[in-house]
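Line by line, the protein sequences give chains A and B.
Using my numbering, read the first sequence as starting at 1 and increasing by one per residue.
Using my numbering, read the second sequence as starting at 1 and increasing by one per residue.
Derived by calculation from the structure, the hints in this document are not laboratory data.
Be careful, since some hints might not be right.
What the hints assert, rightly or not - Taking lysine-lysine pairs in the DSS-like style, the calculated list, with each CA pair at most 25 Å apart, reads:
hint, chain 1, residue 1, chain 2, residue 2
1, B, 311, A, 242
2, A, 252, B, 260
3, A, 252, B, 495
4, B, 311, A, 221
5, A, 449, A, 409
Residues per chain are reported as follows:
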Amino acid sequence: MEGLKVWRLSSSIARPSNLRQLFGLGTSSGLVRCLDNGAAAANATNTRFPSRNRRASTSTSTSTNTSDREAVRAIRLKKVEQLRSKGTEPYGYKWDRSHSAKELQEIYKDLNNGEELDSESHHVSIAGRIVARRAFGKLAFLTLRDDSGTIQLYCEKERLLNDQFEQLKTLVDIGDILGASGSIKRTEKGELSVKVDSFSILTKSLLPLPDKFHGLTDIDKRYRQRYVDMIANPEVADIFRKRAKIMREIRKTVESRGFVEVETPVLQGAAGGAEARPFVTYHNSLGRDLYLRIATELHLKRMLVGGFEKVYEIGRIFRNEGISTRHNPEFTTIEMYEAYSDYQSMMDMAEEIVTQCALEVNGKLTIDYQVGTEIQLQRPWRRETMHNLVKEVTGVDFTELEDDLKVAKDVVLKAVGLGLDSKDKSSIEACPSLGHLLNEVFEIFVEPKLLQPTFVLDYPIEISPLAKPHRRHAGLTERFELFICGRELANAFSELTDPLDQRARLEQQVRQHNKKRAEAVSVTDGTGEQKNIDEDSMYEVTLDDDFLTALEYGMPPASGMGLGIDRLVMLLTDSASIRDVIAFPVLKISQ
Amino acid sequence: MDSFVSEPRPASYETLSNNVLKRERRARERQVREEEKKKVTTNKIPENQRQQVANDDTMDPTQFLSNRIKSLALLKESGVNPYPHKFDISMSITEFIDKYRSLYVGEHVENTEISLAGRILNKRSSSSKLYFYDLHGNGAKIQVMADARHSDMDENEFCKYHSGVKRGDIVGICGFPGKSQRGELSIFPRSLVVLTPCLHMLPRHAITSNSDEAQSKKKTRNHSWTPGITRNPETYILRDQETRYRQRYLDLMLNSEVQKIFRTRAKIISYSRDFLDNLGFIEVETPAMTMTAGGAAARPFITHHNELDMKLYMRISPELYLKKLVVGGLDRVYEIGKVFRNEGMNLTHLPEFTMFEFYMAYADYNDLMDIIEKLLSGMVKELTGSHKIKYHGNGFDSEPVEIDFTPPFRRIDLIEELESRANLSIPKDLSSETANKFLLEACEKFDVKCPAPHTTTRLLDKLVGHFLEETCINPTFIINHPEIMSPLAKWHRSKPGLTERFELFVNKRELCNAYTELNDPQVQRQRFAEQLKDRQLGDDEAMVLDESFCSCLEYGLPPTAGLGMGIDRLAMLLTDSPNVKEVILFPAMKPQD
Numbered sequence: 001m002e003g004l005k006v007w008r009l010s011s012s013i014a015r016p017s018n019l020r021q022l023f024g025l026g027t028s029s030g031l032v033r034c035l036d037n038g039a040a041a042a043n044a045t046n047t048r049f050p051s052r053n054r055r056a057s058t059s060t061s062t063s064t065n066t067s068d069r070e071a072v073r074a075i076r077l078k079k080v081e082q083l084r085s086k087g088t089e090p091y092g093y094k095w096d097r098s099h100s101a102k103e104l105q106e107i108y109k110d111l112n113n114g115e116e117l118d119s120e121s122h123h124v125s126i127a128g129r130i131v132a133r134r135a136f137g138k139l140a141f142l143t144l145r146d147d148s149g150t151i152q153l154y155c156e157k158e159r160l161l162n163d164q165f166e167q168l169k170t171l172v173d174i175g176d177i178l179g180a181s182g183s184i185k186r187t188e189k190g191e192l193s194v195k196v197d198s199f200s201i202l203t204k205s206l207l208p209l210p211d212k213f214h215g216l217t218d219i220d221k222r223y224r225q226r227y228v229d230m231i232a233n234p235e236v237a238d239i240f241r242k243r244a245k246i247m248r249e250i251r252k253t254v255e256s257r258g259f260v261e262v263e264t265p266v267l268q269g270a271a272g273g274a275e276a277r278p279f280v281t282y283h284n285s286l287g288r289d290l291y292l293r294i295a296t297e298l299h300l301k302r303m304l305v306g307g308f309e310k311v312y313e314i315g316r317i318f319r320n321e322g323i324s325t326r327h328n329p330e331f332t333t334i335e336m337y338e339a340y341s342d343y344q345s346m347m348d349m350a351e352e353i354v355t356q357c358a359l360e361v362n363g364k365l366t367i368d369y370q371v372g373t374e375i376q377l378q379r380p381w382r383r384e385t386m387h388n389l390v391k392e393v394t395g396v397d398f399t400e401l402e403d404d405l406k407v408a409k410d411v412v413l414k415a416v417g418l419g420l421d422s423k424d425k426s427s428i429e430a431c432p433s434l435g436h437l438l439n440e441v442f443e444i445f446v447e448p449k450l451l452q453p454t455f456v457l458d459y460p461i462e463i464s465p466l467a468k469p470h471r472r473h474a475g476l477t478e479r480f481e482l483f484i485c486g487r488e489l490a491n492a493f494s495e496l497t498d499p500l501d502q503r504a505r506l507e508q509q510v511r512q513h514n515k516k517r518a519e520a521v522s523v524t525d526g527t528g529e530q531k532n533i534d535e536d537s538m539y540e541v542t543l544d545d546d547f548l549t550a551l552e553y554g555m556p557p558a559s560g561m562g563l564g565i566d567r568l569v570m571l572l573t574d575s576a577s578i579r580d581v582i583a584f585p586v587l588k589i590s591q
Numbered sequence: 001m002d003s004f005v006s007e008p009r010p011a012s013y014e015t016l017s018n019n020v021l022k023r024e025r026r027a028r029e030r031q032v033r034e035e036e037k038k039k040v041t042t043n044k045i046p047e048n049q050r051q052q053v054a055n056d057d058t059m060d061p062t063q064f065l066s067n068r069i070k071s072l073a074l075l076k077e078s079g080v081n082p083y084p085h086k087f088d089i090s091m092s093i094t095e096f097i098d099k100y101r102s103l104y105v106g107e108h109v110e111n112t113e114i115s116l117a118g119r120i121l122n123k124r125s126s127s128s129k130l131y132f133y134d135l136h137g138n139g140a141k142i143q144v145m146a147d148a149r150h151s152d153m154d155e156n157e158f159c160k161y162h163s164g165v166k167r168g169d170i171v172g173i174c175g176f177p178g179k180s181q182r183g184e185l186s187i188f189p190r191s192l193v194v195l196t197p198c199l200h201m202l203p204r205h206a207i208t209s210n211s212d213e214a215q216s217k218k219k220t221r222n223h224s225w226t227p228g229i230t231r232n233p234e235t236y237i238l239r240d241q242e243t244r245y246r247q248r249y250l251d252l253m254l255n256s257e258v259q260k261i262f263r264t265r266a267k268i269i270s271y272s273r274d275f276l277d278n279l280g281f282i283e284v285e286t287p288a289m290t291m292t293a294g295g296a297a298a299r300p301f302i303t304h305h306n307e308l309d310m311k312l313y314m315r316i317s318p319e320l321y322l323k324k325l326v327v328g329g330l331d332r333v334y335e336i337g338k339v340f341r342n343e344g345m346n347l348t349h350l351p352e353f354t355m356f357e358f359y360m361a362y363a364d365y366n367d368l369m370d371i372i373e374k375l376l377s378g379m380v381k382e383l384t385g386s387h388k389i390k391y392h393g394n395g396f397d398s399e400p401v402e403i404d405f406t407p408p409f410r411r412i413d414l415i416e417e418l419e420s421r422a423n424l425s426i427p428k429d430l431s432s433e434t435a436n437k438f439l440l441e442a443c444e445k446f447d448v449k450c451p452a453p454h455t456t457t458r459l460l461d462k463l464v465g466h467f468l469e470e471t472c473i474n475p476t477f478i479i480n481h482p483e484i485m486s487p488l489a490k491w492h493r494s495k496p497g498l499t500e501r502f503e504l505f506v507n508k509r510e511l512c513n514a515y516t517e518l519n520d521p522q523v524q525r526q527r528f529a530e531q532l533k534d535r536q537l538g539d540d541e542a543m544v545l546d547e548s549f550c551s552c553l554e555y556g557l558p559p560t561a562g563l564g565m566g567i568d569r570l571a572m573l574l575t576d577s578p579n580v581k582e583v584i585l586f587p588a589m590k591p592q593d
């Protein structure tokens, strides 16, 4: 256990000079240091630094310098040969574990300091990676970490066969994976240990574990070599464990309500269901371009036409757009559709899913997301119309505005103009309709303020081409978006079922897009300067005629919701970037 | 119909009302214009034929469509929304059946009020005051007996409304349960409202029979299909394969077995998930778009990220990423996800398919044989009630075969069995020229076709296909593949030149591929180098070196065993589907001309 604490301690130290001090400390107390400078052993302090610190610190240097690394590799390759020459295979085939480290910690938590259990029934077998070690003349302590936690290996020379103890001292490095068996002992210092009577090198590692003092502050490397990040920081692996739990909880929640999981195509002839630039690929044998889906919506609705009443899909979505702390070109959503329900019932469903996941993962309904506000997930969540929220924040009452777009823009600019930067101002001026204007004002002024869970209701029809017109308010749709921490988490509507209306709206969308595209083309032709700005609209949008035909066969009244799983995981694991919750995020080509 | 019209508007919207009215009017006008436009294009029927034709069956489909569009326009003009926002159902059709199936013949429970919704797939009338409908939803069906005497409408209204209800319409019904004199469980509507009109005429069964007996008999047969027994798509209402796959919603709507295929598929996946979750595995997601396409031998799809100006491949396997996670300390991981291969399409191959892969640290391929036996036999038992299934392995034209999933499955050693069946003595050093020549001659001798390039791997593969795979109807493990065929598998602990690998074959097709994972980074690099040789010989399906994977191995992958299984192929077996398109909702199709 000592070793682990060192790891934690080390993550907070930023300067190489401290490293030397640590080594000094290590040797002076008679420790044998392995080759990994990063995994130096030292007397543990009980100080625990929050792991997040390393994220805030800036990268001061790159990883272990290359020549060190190569030297380590060469030495370890020699050890591989040495082992083989002795008839020991350094890459073992299997190891039967009787317990995980956590199970042992749990079973023997009441064992007293200094106490040993040597009988057959307390003979255990474990396996994991060595993350720290100290060796004295005839005694060595190794810290072994497995999937569940850590445990100490207590190795006495007399207890081990033949030259096993020598092997342990000379051929085992930090980073190697070992299987060990023995009896149970709690040391005088209170560390639960396996008193080893035999061990086996299961995997010889060739590279040193990352230099804690630099490597882990190199954010880029953390994402590129996620496995190294996970070895060095067990809490990184915990995020992916929690992610798996969240997925399971979502499935459990919707399946207990009768939803059936289905799989719809990723490769499509036309990419619909959202407004986004798709990835394009080419299928050799069909001899045609295919698009990667940008949403699962249009195919799931076909399922409702086909007679399924409750369906969902958890799957990958692809959008050919920039990367940021909130965007990865591929991300995971759950989309769900329920016949004979409307957007009101979907709000209950959203509350249910998010609160169930929070309870499963964190055991409570309050979240401290990053530094700052405490998020309260207790139901019910606030439900407010977009009109009212905009009025509340900006003072502009869109219901009072005339149908004149120009006048409306003037009113808006007069009311909020002072707080606007030029980019926001020009996007307000560019709004082609009242609905767009309302939405723009909402995005600029209201969104960032929606920290506590809020359902924003009744979006303008102009920006909601797949939502059903509101049953009471013309010009609006029965649509909501769920915001938490100023971020959109879910988007849902009472689905548009009228095929004629749907056709008109999609045709309008295609027309608008083509107009934008034509403008972009003319701009690039003209000056070439604004190329980057307008390239966003250079892709093609086609009408999904087959979807419209399906609607003509009749889709029952229904509601549907899409919920971003990556963002939900970010929220529930207190992760600042989407890259923290995606195991292998897309990164720029490394230089 | 629209109960919301009368609801008061909130005060904040009062001031909007003028604009709203204007906008509403304009929207309505636009709608009518659109419809007029549509009429021009679709309606080639003279005005004088516009009145409702008594028997919709005999109507021309184009005329049917234009009639429906017209009647919708009329409704909208009169201020009625033909697509209501919400209909509250008090129970599903399945729940209704469960609750009332035990009623006596002729019993009516008039004091109960139930609301149901679904699609009408059959309409019959014995008089203008009595209509029978078959109401379908979520794979179940009940009868609707609409009797003017029970209706909230007066007789005239009733006749008028019901004559306008068409086969294919989605309706909401409030009424009471009962059983007809013929013993059919029914709902007796107080009110019936069309929730979504079906604008098209639905295909009908080729041999339409109006007799109730024949109808219900047919239905019973359709409803009785369960996983593990055979199907006969020839009896389907919609039989045309192209239409079934291109317009899957029609297939699902009309052919009641088809919904069950996809429910079975969902069960296969959730059974697999639960099985691994119970063993402490966690589900992870690895990238579908990657910088190199590794982990398998296949031609990848290529795409391009605009902003990063970066070439990306669609994954052909999640294997290498999953092993990276094991290196990272997640000892038991699995992923169920789409994998993409840019290859031709046939009865068992489509460009995207669903792969189930799991990796287990400290286990070897022997452990995985036990695990997969348990998983598959347990799943087959749970889904079909038995270990034996019937499958049209050679197409619907041939007799079905029986496949027995009772564990343990047969295990045959690849080289040994090949040598004994073909009476060959294959050279031990398979990477040698001699071995290559020997196998080439063997292929010629037995007339086993192997298109160029004649790499040893490909020759062996063809011979195994010919001599071994053909014998694998019941689940059979073919084990211990040569190293040259298995670049990611660990060398066999006691048999030189071979690996600790198995493939599970069922009905002569590969269902699973698994091995003790190669975790020696040096050997892994050598294997990639050998693959490169094959690649240079023209085998463009040989594996490419993934440097990031090799350097990951240098941090140490514990002894690990991993397995990949094709979910689509498993679904094919359990749903008696000889064609993979039967088990994929929206399969890739050639473009229509």
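Here's how the hints hold up against the structure:
no.	hint	in the structure
1	311(B) - 242(A)	32 Å, violated
2	252(A) - 260(B)	21 Å, holds
3	252(A) - 495(B)	46 Å, violated
4	311(B) - 221(A)	21 Å, holds
5	449(A) - 409(A)	22 Å, holds
Violation of the numbered hints given earlier is confined to hints 1, 3; the remaining hints are satisfied by the structure.
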